[in-house]
Amino acid sequence: DQQVKQNSPSLSVQEGRISILNCDYTNSMFDYFLWYKKYPAEGPTFLISISSIKDKNEDGRFTVFLNKSAKHLSLHIVPSQPGDSAVYFCAASSVDKLIFGTGTRLQVFP
Amino acid sequence: GAVVSQHPSRVICKSGTSVKIECRSLDFQATTMFWYRQFPKKSLMLMATSNEGSKATYEQGVEKDKFLINHASLTLSTLTVTSAHPEDSSFYICSAEAASGVADTQYFGPGTRLTVL
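Respectively, the protein sequence lines represent chains A and B. Using this note's numbering, read the first sequence as starting at 1 and increasing by one per residue. Using this note's numbering, read the second sequence as starting at 111 and increasing by one per residue.
One should not assume that every hint holds.
[What the hints assert, rightly or not] Straight-line distance between alpha carbons at most 27 Å, and here's what the computed DSSO-like set of lysine-lysine pairs gives:
#  : chain 1 : residue 1 : chain 2 : residue 2
1  : A       : 5         : A       : 54
2  : A       : 5         : A       : 71
3  : B       : 176       : B       : 165
4  : B       : 176       : A       : 97
5  : A       : 5         : A       : 68
6  : A       : 37        : A       : 68
7  : B       : 174       : B       : 130
8  : A       : 5         : A       : 37
9  : B       : 124       : A       : 97
10 : B       : 130       : B       : 176
11 : B       : 124       : A       : 71
12 : B       : 174       : A       : 97
[To be verified] If you want a taste of the chain A side facing chain B, the calculated C-beta under 8 Å gives, among others:
#  : residue
13 : 36
14 : 98
15 : 100
Just so you know, these hints were derived from the structure itself, not from any lab. Beta carbons: idealized from backbone N, C-alpha and C, even for Gly.
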């Protein structure tokens with residue numbers, strides 16, 4: 001049973017437009033959510049996070065939204081840049097767990 | 111969907127002892143497995159890349175004699191923390207890349223919490 005799901009395996013967005021990556025979770029005990037970005041042949045790097053007590057966290061071009069009632073979070077990238085092309089993983093955390101989704105491959109084209 | 115398991119999920123050991131952590135791909139064959147360590151502020155550090163039947167490739171700064179990795183089969187990789195010390199206490203996560211499928215698609219295990227007393 002996948003506790004964290006990224007239902008879109010890929011997303012293609014034009015440069016300058018908004019990229020929206022979605023993530024759903026099932027366990028209401030998760031209290032912290034993270035997004036990681038992964039380039040080919042590299043390990044994932046931390047991008048942005050949000051605590052369950054908040055519904056929004058913004059860092060430059062990246063904003064994460066959390067909807068606890070829907071058990072849904074999303075990552076918004078605006079404006080999207082070609083260098084944002086990568087695989088994005090969402091992850092949900094509780095006391096002794098860090099559960100990852102399967103990733104969404106974002107392609108930003110000129 | 112693809113599932114990766116880790117065992118144990120939590121381990122407490124005394125300083126100086128060795129601990130083995132297993133990472134298994136349950137329903138697919140993984141030619142490559144990765145081991146990560148989670149540091150404060152939730153960042154993940156890639157420790158090593160493990161390929162079935164060959165020696166692991168360690169990232170700079172990771173002691174290969176301390177963190178022994180064995181990828182004995184297409185479904186199992188093990189990480190052994192030798193002569194563990196309190197500073198090795200951390201959350202260790204593995205991920206596996208399917209032998210067939212989309213490149214860069216990784217499936218993460220649920221992690222192992224190591225506490226060294």
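Now the hints, each set against the structure:
| no. | hint | in the structure |
| --- | --- | --- |
| 1 | A:5 - A:54 | holds (20 Å) |
| 2 | A:5 - A:71 | holds (11 Å) |
| 3 | B:176 - B:165 | holds (15 Å) |
| 4 | B:176 - A:97 | holds (24 Å) |
| 5 | A:5 - A:68 | holds (15 Å) |
| 6 | A:37 - A:68 | holds (23 Å) |
| 7 | B:174 - B:130 | holds (14 Å) |
| 8 | A:5 - A:37 | holds (16 Å) |
| 9 | B:124 - A:97 | holds (22 Å) |
| 10 | B:130 - B:176 | holds (12 Å) |
| 11 | B:124 - A:71 | violated (39 Å) |
| 12 | B:174 - A:97 | holds (26 Å) |
| 13 | 36 | holds (7 Å) |
| 14 | 98 | holds (5 Å) |
| 15 | 100 | holds (4 Å) |
Hint violations for this structure: number 11 only, all remaining hints satisfied.
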